[in-house]
Amino acid sequence: MLRYIAQRLFMLIPVLIGISIITFVMVRLIPGDPARIMAGERATEEQVQRVRQMWGLDKPIHEQYIIYMKNLLHGNLGRSLKRNETVVQELRWALPTTIELSFAAMFFAVLIGIPAGILAAYRQNSWWDLAVMVGSMVGISMPVFWLGLLLIYVFALKLGVMPPSGRLSVGVKITPITGMYTVDALLTGNWRGFLDAVHHLIMPAVAVGTIPMAIIARMTRSSLLEVLRQDYIRTARAKGLNERTVIFRHALKNAFLPVVTIIGLQLGTLLVGAILTESIFALPGMGRLIVDRILSRDYPVVQGAVLVFATTFVFINLLVDISYAYLDPRIRYQ
Amino acid sequence: MNELPVAELESELPPHVGYFADVWRRLRRNKLAVTGMVLLAGFFIMALFADNYLLVAPRTLFQVDVSKTGANPVAFVKQWHTLTKEQTHPLLAPYDPYKQNLVLRKAPPSREHPLGMDEVGRDMLSRIIYGSRVSLEVGFLSVIGAILLGVLIGATSGYAGGWVDNVVMRLMDILLAFPSLLLALAIVTILGPGLLNMLYAIAIVSIPTYARLVRASVLAEKEADYVLAARATGDTHTRILFRHIMPNALTPIIVQGTLGIGTAILDAAALGFLGLGAQPPTPEWGTMLSRAQQVFFSAPHIGIFPGLAIMLTVLGFNLLGDGLRDALDPRLRM
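Chains as they are written, first to last, in the working numbering: chain A, 44 to 377; chain B, 3 to 336.
Think of the hints as simulated: they come from the structure by calculation, not from any bench. Cβ atoms here follow ideal geometry from the backbone N, Cα and C, with glycine treated the same way. Honestly, I wouldn't trust all of these hints.
Unchecked claim - DEER-style ranges, computed between Cβ atoms:
hint, chain 1, residue 1, chain 2, residue 2, range
1, A, Glu269, B, Arg27, 21 to 27 Å
2, A, Val181, B, Trp165, 44 to 50 Å
3, B, Thr240, A, Gly209, 34 to 40 Å
4, B, Val19, A, Gln167, 27 to 33 Å
5, B, Val19, A, Lys201, 53 to 59 Å
6, B, Phe142, A, Gly307, 39 to 45 Å
7, A, Thr218, B, Leu310, 41 to 47 Å
8, B, Leu104, A, Lys201, 24 to 30 Å
9, A, Leu361, B, Gln89, 58 to 64 Å
10, B, Glu139, A, Ala281, 36 to 42 Å
11, B, Leu104, A, Gly209, 30 to 36 Å
12, A, Val181, B, Glu139, 22 to 28 Å
13, B, Leu310, A, Tyr369, 49 to 55 Å
Claimed, not checked - Sample of chain B residues with no beta-carbon within 12 Å of chain A, all distances over it, derived:
hint, residue
14, Leu85
15, Ala95
16, Ile146
17, Thr235
18, Asp237
19, Val316
Stated by the list, open to error - Some chain A residues judged to face chain B by a derived CB distance under 8 Å, without partners named:
hint, residue
20, Leu45
21, Ile155
22, Leu338
Here chain B stands alone, though its shape is the one from the complex (with noise of 0.2 Å):
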C-alpha cells in the first residue's frame, strides 16, 4: 500500500484563514456591501461628533465633585453629563441645531447654510447631523433590546420543547399576527407619544423575528451528538444552551439584526412623521418631515433633506445586512 503524499496534498490547499479574516474578505470584495458601509461609516462619524460632547466628557470625568456625589454612582454620572453638557459644542454640525434666526425662515439653501433653514428658522444641516444621533440611537438600542428579549425567549422555548414551547411560540404568533407597525401604533396609545416609548414600541415587535430565528437554531442543534456529549460531561443546561448551541444561532441574527437596524430607523422615521415618536423640537428626521408637510410645496427642501437621510441610512444598513448574509453564508464559504 503507497503512502499518502500528505505533505504534497498540504502545500495545494489554500492557506488557513481565520473565520473573521475570512468574512471580511469576502465583504470586501462586495461593491453593493462596501458602498453600504461607506454610507453607515458616514452617519456613524456624524453622530458621534455632531457636537465635541465624546472629546470633552474625558476632560470633565476629573472635574466632578466627588464631595457632593459621594458614592452614588447615578449621582455621579449625571453631574458628569451636566458639565460635559455645559462645555460642548457644535462640531461637525456648522450651527447650534435648536437655535432660530427667524428672519431666515424657510430660506432656501445658500452658501452659509447648505441646506437651506426651517419653518421657523433652524439650520437644517445641522438638524440632519444631529438628527443621525437619534435615528442610530433608536435603531441600535431597539434591535439589541429585541435581541436580548428574542434570544432569552426563543431558546429557552426551543430548548424546553413541549408544552412551554407550545405556548410561548402561539403567543408570538400572535404577535406577528398584527403588522409590525400597526402593533407599534397599539402600544404607542398605551404609552403615550414620545422618543422613548416609541423606542419601547419599535423593540417589542420585533422580539418576535429573532424568537423564532434562534428557535430554529436551537431545535436544528438540540439533537445533535455534541449536545449529547456535552450533557455527559455534566453540563448544566444553561452551559449546553448558551456555550454549545447558541454560537449556531449567531449568522442568522447578525444578518438579521443589521437589516433590523434599518427596519427600526425606518420605523421610528414614520412613527415621527405621524406625530407620535420624537417630539419636536428633537431633531429627528421623521418628526422634521411631519413638520415639513405643510410648508413642503412652498419650501421643498425642509422635505427633501430628512427623507434623503433616512433612506441613505436604512439603505447603508440594507446593503450591509445582504453583503453579511452572502458571506456568512457557509454554503458559499470556500
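Only chain A is shown next, with the shape it has when bound in the complex (with noise of 0.2 Å):
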C-alpha cells in the first residue's frame, strides 16, 4: 500500500509542473507587457518597476520561471490588485468555502442518487424505474446556474424557507478557524451557529449535486442490474431467500465499486459547479474570486486561484484513487 502510494505521488510530479507552468504562461500571453499586466491599469511607473524586478520579467522566459517556482515555493503568488492583501490572503478564505460546498453537494448527491438507483434496479422497468431514470436524464441536462435560480425564487422568495444568499444570517457570528462554517461551528460548540450555517448551505449544495446525483443514480441502477444477473445471485434466490436479502445482503456490495469510482470522478463537476453557483447565492468561495477577478482584469489572483484550484483538483483525485487501492487490492497490484 506504502508503495502505491509513493508510486502515485511521484507520476504526480510533471502533473504539478505543467499546471505551474500553464499558470505561468497564462499570464504572458496576454496581449501587452506583463509587468504592467500583472501590476494593474493604474499603477504606477514604479509599482510596474517593482513588479518587474520581483519576478524578474525582464530576464529572458526560463529565468522568469525559475523565479516564478521560487516565489511559488515560499508561498508568495504576489500581491491582488483590489484589495490591499496578498494572494495567498484571499485564497486562505476563499478555499474552505468552496470544499466546504462541494462537501456538502455530494453528501447531497450520493444521499438522494444511491437509494433511487437501488430503487430503480430494484423495480425495473416499473414507472419507479422510469421515473429514476428520465429524471436523471434531465439532472444531467440542467444548467447548475438555472436550477440555483430556481431555487431562490421558489424557496426563498415565494415560500420564503429558506434563505437566498450568503453563509451566515445577520446577527449569527462564527469564529473562523479552517474556513469551514460547518466545521468551525461544531469545533467551538456554536449550534446555533451550525444550523444557520447548515440552512445557508442547503440550495446552493441541491444545485451543485444535481448532476452528480443524477450520474450515480444511474451508476447505481445499471451496476446494481449487472450484479443482479449473476450466478451467485440466483443461487441466493434459489435458496429461498427473499428479495431484499438478497439485494441488501448479497448485491450492493460487489455493485458499489463503480459506484465509489464514478462518485470520485463527479469531483471536477462539483468544482465546476461551485465556480457557476458561488456568484448566484454571494458565496465568497474560489469560482466567484476567479470570474470577479477575470472581469476586473486582477490577474495575480486570476493566476493564483486557477494554480490552487487545479492543485486541489489533482490532489483530491490523488485521495479517490489511494481509496480505491485500499477498497479493491486488484488495483495495487497492477
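Hints in hand, dock the two standalone chains.
Next up, the structure:
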C-alpha cells in the first residue's frame, strides 16, 4: 500500500509542473507588457518597475520561470490588485468555502442518488424505474446556474423557507478556524451557528449536487442490474432468500465499486458547479473569486486561484485513487 | 458423411440488414432516443429557419456583382453574405430579436408575445429562436474542431508508440488535470471574452477526451493480423492508420461526440452566464440568463425560458447519445 502511494505521488510531479507552467504561461500570453498586466492598469511607473523586478520580467523566459517557481515554493503568489492583501491571504478564506460547498453537494448527491438507483434496479421497468431514469437524464442536462436561480425564486422568494444568499444570517457569528463554517461552529460548540450555516448551505448544495446525483443514480442502477444477473445471485434466490436480503446482503457490496469510482470522477463536476453557483448565492469561494477577478482584470489573483484550484483538484483525485486501492486490492498489484 | 443442409440453414437466418439500417432500426425502437431526436429536430428547424436566410441565399448568389469582386473568393462570399443579409427578415421568429420596445419592458407573456418581453423590451420568443442558432453553432463547431485535432493527436500518438506516445499522453494528462470549465476560463482570460474565443476555449478543453478515445482504439487494433497484412502489401503508414484502423474508432467517437455537443452547449451557456462568452446584444441563452439575474425576481419569465431552452437542447443530445451508445454497441447487435 505504501509503495502504491509513493508511486502515485511520484507520478504527480510532472502534472504539478505542468499546472505551474500553464498558469505561468497564461499571464504572459495576455497581450501587452506582463509587468503592466501584473501591476494593474492604474499602477504607477514605479509600481510596474517593482513588479518587473520581483518576477524578473526583464530576464529571459526560463529564468522568469525559475523565479516564479522560487516564489511559489515560498508561498508567494504576488499581491491582489483589488484589495490590499496578498493573493495567498485572499485564497486562504475562499478555498474552504468552496471545499465545504463541494462536500455538502456530494453528501446530497450520495444521499439521494444511491437510494434512487437501488429503487430503480429493484423495480426494473416499473414506473419508479422510468421516473428515476428520466429524472436523472433531466438532471444531467440542467444548467446549474439556472437551477440555482429557480431554487432561490421558489424557496426563498415565494415560500420564504430558505435564505436567498450568503453563508450566515445577520447577527449570527462564527469564530473562523478552518474557514468551513459548519466545521468551525462544531469545533467551538456553537449550535445556533451550525444550524444557521447548514440552513444557508442547503440550496447551493442541491444546485451543485444535482448533476452528480443523477449520474450516481444511473450508475447505481446499471451496476446493480449487472450484478443481479450473476450466478451467485441466482443461487441466493434458489436458496429461497427473499429479494430484500438478496439485494442488500449479497448484491449491493459488489455493485458499489463502480459507484465509488463514479463518485470520485464527479469531483470535477462539483468544483465546476461551485464556480457557477457561488456568484448566484453570493458565497465568497474560489469560483466567484476567479470569475470576479477575470472581469476586473486582477490577474495575480486569477493566476494564483487557477493554480490552487487545479492543484486541489489533482490532490483530491489522488486521495480518491488511494481509497480505491484500499477498497479493491486488485488495483494495488497492477 | 452427410452433406450439411446449407440452404435450409440459410432460410432460417434473419434477412441480411446493412449496418446503418440496423442502427437506425434499433434507435427507432428506443423511446428515449426518439424523444431526443424529436427535441433536436425542433431546435434544428428553429436554428435553420429563424429567418429566411437559407431561402434567400440561392437567389442572391446570382446578384453578386462579379465585376467588383473579381476572382477573389473571399470578397465574393462577403458580398453574397451582405446581399443576403439585406434581404432577410424573420421567418419562424415573430419579431426582430434586436428590436426594442421600451414601453413593453419586462412585459409578461401575452398573446402578441407568447414568452413575454425581456429587460429592455425585446421579444423573448424571437430571441430564444435565434439563440438556438448560436448554441447549435458553438456546439457543433467546437466538437468538430476538437474531434479533428483529437483524432490527429490520438491516432499519431497511439500508432507511433514509444516516447512520442509518452510525451503526448502526459501533455493530455496535464490538460485533464484541470476541471474543464476552469481551463476554459483560463483560456478565455488569455484570449479575452467573446463568442469566438469561447468557441476556441471549449474546443481545446475537449481535445484530450477524443485523443484518449482514439488512442485506445488504435492501440487495440494496431497489432491485429489485418494490419500486418496491409503492411505486407506495402500500404503506407498513413493509409493503414486512416483507412484500416480508424474506422474501428468511429463508434466511440460518434457516441462521445453526440454527448460532447450537449456538454459544449452547456459550457457555452455557462461562460455566457459568467459574462465571458457571447456578449450582449447577441441572443445567446446563457448571456440572456446572465442579464435576467437582476430582474429574475420581478419578471421570472426572462430567466425561465432561456434556461428551459438550454436544458431541452442538452437533454436532446444526451438522450440521442445514450440511444446511439446502445444502438452501436456490437455486443447488443444481432
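Results of checking the hints against the structure:
1. A:Glu269 <-> B:Arg27: 21 to 27 Å: Given range 21 to 27 Å: holds, Cβ gap about 26 Å.
2. A:Val181 <-> B:Trp165: 44 to 50 Å: At 46 Å between Cβs, range holds.
3. B:Thr240 <-> A:Gly209: 34 to 40 Å: violated, 60 Å
4. B:Val19 <-> A:Gln167: 27 to 33 Å: holds, 29 Å
5. B:Val19 <-> A:Lys201: 53 to 59 Å: holds, 54 Å
6. B:Phe142 <-> A:Gly307: 39 to 45 Å: The hinted range 39 to 45 Å is violated for B:Phe142 and A:Gly307, with Cβ atoms some 31 Å apart.
7. A:Thr218 <-> B:Leu310: 41 to 47 Å: holds, 43 Å
8. B:Leu104 <-> A:Lys201: 24 to 30 Å: Since B:Leu104 and A:Lys201 have Cβ atoms about 29 Å apart, the given range 24 to 30 Å holds.
9. A:Leu361 <-> B:Gln89: 58 to 64 Å: Given range 58 to 64 Å: holds, Cβ gap about 60 Å.
10. B:Glu139 <-> A:Ala281: 36 to 42 Å: For B:Glu139 and A:Ala281 the Cβ distance comes to about 58 Å; the hint is violated.
11. B:Leu104 <-> A:Gly209: 30 to 36 Å: holds, 34 Å
12. A:Val181 <-> B:Glu139: 22 to 28 Å: holds, 24 Å
13. B:Leu310 <-> A:Tyr369: 49 to 55 Å: violated, 44 Å
14. Leu85: holds, 35 Å
15. Ala95: holds, 22 Å
16. Ile146: holds, 21 Å
17. Thr235: B:Thr235 clear of chain A: closest Cβ-Cβ about 38 Å, beyond 12 Å.
18. Asp237: About 35 Å separates B:Asp237 from the closest Cβ of chain A, which puts it past 12 Å; holds.
19. Val316: B:Val316 not clear of chain A: closest Cβ-Cβ about 4 Å, inside 12 Å.
20. Leu45: Violated, because the Cβ-Cβ distance from A:Leu45 to chain B comes to roughly 24 Å (cut-off 8 Å).
21. Ile155: Since the shortest Cβ distance to chain B is 19 Å, the answer is violated.
22. Leu338: holds, 6 Å
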